[in-house]
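Visitor: When we follow UniProt numbering, the leftmost residue of the sequence shown carries the number 1, and every step to the right adds one.
Just so you know, these hints were derived from the structure itself, not from any lab. Backbone N, C-alpha and C fix where the C-beta goes; we use that ideal spot for every residue, glycine too. It is possible that some hints are incorrect.
Using C-beta positions, here's what the derived DEER-type ranges look like [to be verified]:
{"#": "1", "residue 1": "Glu-453", "residue 2": "Pro-489", "range": "41 to 51 Å"}
{"#": "2", "residue 1": "Lys-644", "residue 2": "Ala-231", "range": "41 to 51 Å"}
{"#": "3", "residue 1": "Met-62", "residue 2": "Ser-114", "range": "15 to 25 Å"}
{"#": "4", "residue 1": "Glu-453", "residue 2": "Asp-230", "range": "45 to 55 Å"}
{"#": "5", "residue 1": "Gly-464", "residue 2": "Pro-333", "range": "17 to 27 Å"}
{"#": "6", "residue 1": "Pro-205", "residue 2": "Asn-513", "range": "40 to 50 Å"}
{"#": "7", "residue 1": "Asp-155", "residue 2": "Glu-491", "range": "33 to 43 Å"}
{"#": "8", "residue 1": "Phe-534", "residue 2": "Ser-114", "range": "48 to 58 Å"}
{"#": "9", "residue 1": "Thr-524", "residue 2": "Thr-594", "range": "41 to 51 Å"}
Calculated pairs, SDA-like style, for lysine to any residue (alpha carbon to alpha carbon, straight line, at most 20 Å) [unchecked claim]:
{"#": "10", "residue 1": "Lys-574", "residue 2": "Asp-55"}
{"#": "11", "residue 1": "Lys-180", "residue 2": "Ser-145"}
{"#": "12", "residue 1": "Lys-431", "residue 2": "Asp-55"}
{"#": "13", "residue 1": "Lys-76", "residue 2": "Lys-94"}
{"#": "14", "residue 1": "Lys-349", "residue 2": "Ser-449"}
{"#": "15", "residue 1": "Lys-76", "residue 2": "Pro-65"}
{"#": "16", "residue 1": "Lys-589", "residue 2": "Ala-532"}
{"#": "17", "residue 1": "Lys-233", "residue 2": "Lys-180"}
{"#": "18", "residue 1": "Lys-151", "residue 2": "Ser-247"}
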Amino acid sequence: MTPRNWIKAAAVGALGLTALPAFANDAMPLPAGASDLDKAAYDVLDKHCARCHQDGALKDGMTQPKSGFGHVLDLKRLAQDTKFVIHGKPIGSKLYDVIGEYSFPAMPDDCTDSACFPTDAEMKIVADWITELGNQAPPERTFVSLEELHKLAHDDLQQQPTNRRDRIRYLSMRSIWNNKDVSEENYEGYKNATVKLVNALSWNPTPYKFEKVDPHGVLLRVYLPEINWDADKWHLLEMQYPYAMQSDTDPYLSPLQHMSGTQVPIIRADWFASTAPVSPLYYDLLGLPDTVAGLEALLNLDINANIQNELVVRAGFQNSGVSTNNRLIERHPLQTGFFWTSYDFAGSKGRQSFFEYPLGPVEAYGPELAFNHDGGESIFTLPNGFHAYYLNTAEGARLDVGPTSIVRDDDYGDGTGEVVNGISCMSCHNKGIRLNEDKVREVAMNDFSLSPEARQTIDATFPGAEVVAEWFQKDTDQFFAALESAGIPAETTAGGLEPIRGLFVYHVDRFINFAQAANELGLTEEELRGRAGFVGVDMASLINRLQVSPIARDEWAVAYPAMLEKVTEYRPIKAEKVAAADLSYSVNKVVQGTDYAPPAAKTPPPAKTVAPATSYADAQKAPDYVPTQHSVQAQSHLTVYTDKPTYKVGEGLRVFIEPRQDCRLTLISIDDRKRSCVLYPFPGLEDIVIPGGTQYVFPPRGSLKTTEAGLETILAICNGSNAAISAERQGYDAVSCAAADHESTYKAVVNEVLALDLNDTPDKVTNAGASYKAVSDHNPNVTKAQISVVVSDY
């Protein structure tokens, strides 16, 4: 094995800090008070990454950052973005794992020459920067068990007036507090996210502040009348909550449930943030009606009358950052502050151009100069100064999700792009109203083909960019004041994102590994490991899998009640409303035949490669939105894992593939010297379709053995076309996986690419068996997953 095989390990441990002086990129300057290490890391990221991943500094021809990641030079935000950085852990932090010529995937990916990649010294700088973030962390937090959490709530509720207890509920930060990978800054951001969301769902005129039960804010007390809620409103959450429990041995939980008058007095803050801001539940929690007419009645607002009486402020533009075509926005006065609404269009010609037809809608001005819009989005102030949101068709029907061909949510690169009413709007409007410069007034006022009366109306309702900017600033200041009054700094972020979106992503996108599973079950890792031998074969297999390959959040929510029942003394309380889901084989094995098995999904979940609703009318027919479908990353319909995480040279290795939908499989082996070979399909092995919900063990016969020490990556792709598979292997030397090709003279070239020998062992039984013709090789539902294992000499 050459030294370059372990280049990253060497980079972390051996080299000194060297770098050229850093000069701040104009697109994102260095933060104030940056250290020498900050400057050195900034310089490396600016040199190698900014051209594809920094808004304002993208190379020629790029209009959007790759993969939606556009803040690589914003060191403060990057440091808190848990998707890319885990404090103190360079290996495991995506930012570090993908840089360098011998990474997979190798970044930067716009050049394959060795000179394009960071040097060993530059990689060491990034590693040191991530390590130093861990050194800045406060002392390790004390683990809080479920019983200790229940004691906190029980003791606190006992101190409250007896006539209030049945209206007090709690939001828990316990699982976040226990997570060692959550920085102190992110922990504070997640607490602020919880408070912000509570206020965004409140009709009470007084902003609600964080009421800490304990010094660290592990538990938040909510007195329901202070947010204009009652027990029925809380029950909307209870109906869907998958982590509820009861106990005969916990001395605090049953009394707590009795005093509060509910079986679910505590709900996890991260689940709350992933569920409450997602429509239709979002609408229900705020009590928003099914039509715009109903909303107008609720708010004491008359949109058409305001338009006709010229009491509106309008601006029109072609690129809003949300709408893909023309967008016209319109401000109405409201008793609580303002009501901004938009008119969005599927096209930009004819009646869909407000430059030609500036006086819509028809209901307000009549047909002569009226535009024809397709739908709209509204944002208005609640009595406490926070914002609420509404999405509708042109006819005024309420929508949960907008059509991506007309409006898109690009604030989160790993999302599906769908504008989901609630969470998408909160993220987009994290600074309040988004400023856009009006382009209509100048055009229309110089269009003398319009009648004098029409131009007078335009003059009154399109006051121009300067006036519109003043209203934007006034409304933004009002929103910031509301945040501050609730104790939330206006610039708060969580995980590098708007705080509610950050907490949403933390819950939905986070794959559950062994440590997190133990945490959420209220156990230490040692306790869960010790109990795994007494839970039956299927459950033990799933627990073992968690030590090698984590599972997606939606599958964990299904497995959680079954595992809670097996490894703890708590009993789950089944949710009344369970989302449909396709499960992987190992998860399905532990819930099949139980009350916890979910209904099967009727249609494939949305993904970036699947065409979603293309019009507001289509969107109106869409099924209820499931939070985990907000993220492409969480839509993991393919699981790949090995029987253990480390192997010795020459040791046999088995790969388990568990698709959640029918899968035509391609397996690629990639070593840390950029050599790749196709393990499957393979001559002599049947090229079958693996049915969703089954497990395929590879190889089904013969043996798969490691040939030399190093880091081995196995990439599994479902339903990929030949072009898609070739794209994955671009930049990697193609070699053979066949064991017969691994001669001693060839071994130095092949390195640790896995060797497949079909004649080495008897056939193994697999759970798959379907016709190859069942799935087209151009199936758009392409999914992929990868796993890396360490191969050692000892």
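Visitor: It remains to establish, for every hint, whether it holds in the given structure.
Guide: Hints versus structure:
no., hint, in the structure
1, Glu-453 to Pro-489: 41 to 51 Å, "49 Å, holds"
2, Lys-644 to Ala-231: 41 to 51 Å, "49 Å, holds"
3, Met-62 to Ser-114: 15 to 25 Å, "24 Å, holds"
4, Glu-453 to Asp-230: 45 to 55 Å, "51 Å, holds"
5, Gly-464 to Pro-333: 17 to 27 Å, "19 Å, holds"
6, Pro-205 to Asn-513: 40 to 50 Å, "44 Å, holds"
7, Asp-155 to Glu-491: 33 to 43 Å, "35 Å, holds"
8, Phe-534 to Ser-114: 48 to 58 Å, "53 Å, holds"
9, Thr-524 to Thr-594: 41 to 51 Å, "26 Å, violated"
10, Lys-574 to Asp-55, "45 Å, violated"
11, Lys-180 to Ser-145, "15 Å, holds"
12, Lys-431 to Asp-55, "18 Å, holds"
13, Lys-76 to Lys-94, "16 Å, holds"
14, Lys-349 to Ser-449, "18 Å, holds"
15, Lys-76 to Pro-65, "18 Å, holds"
16, Lys-589 to Ala-532, "16 Å, holds"
17, Lys-233 to Lys-180, "33 Å, violated"
18, Lys-151 to Ser-247, "13 Å, holds"
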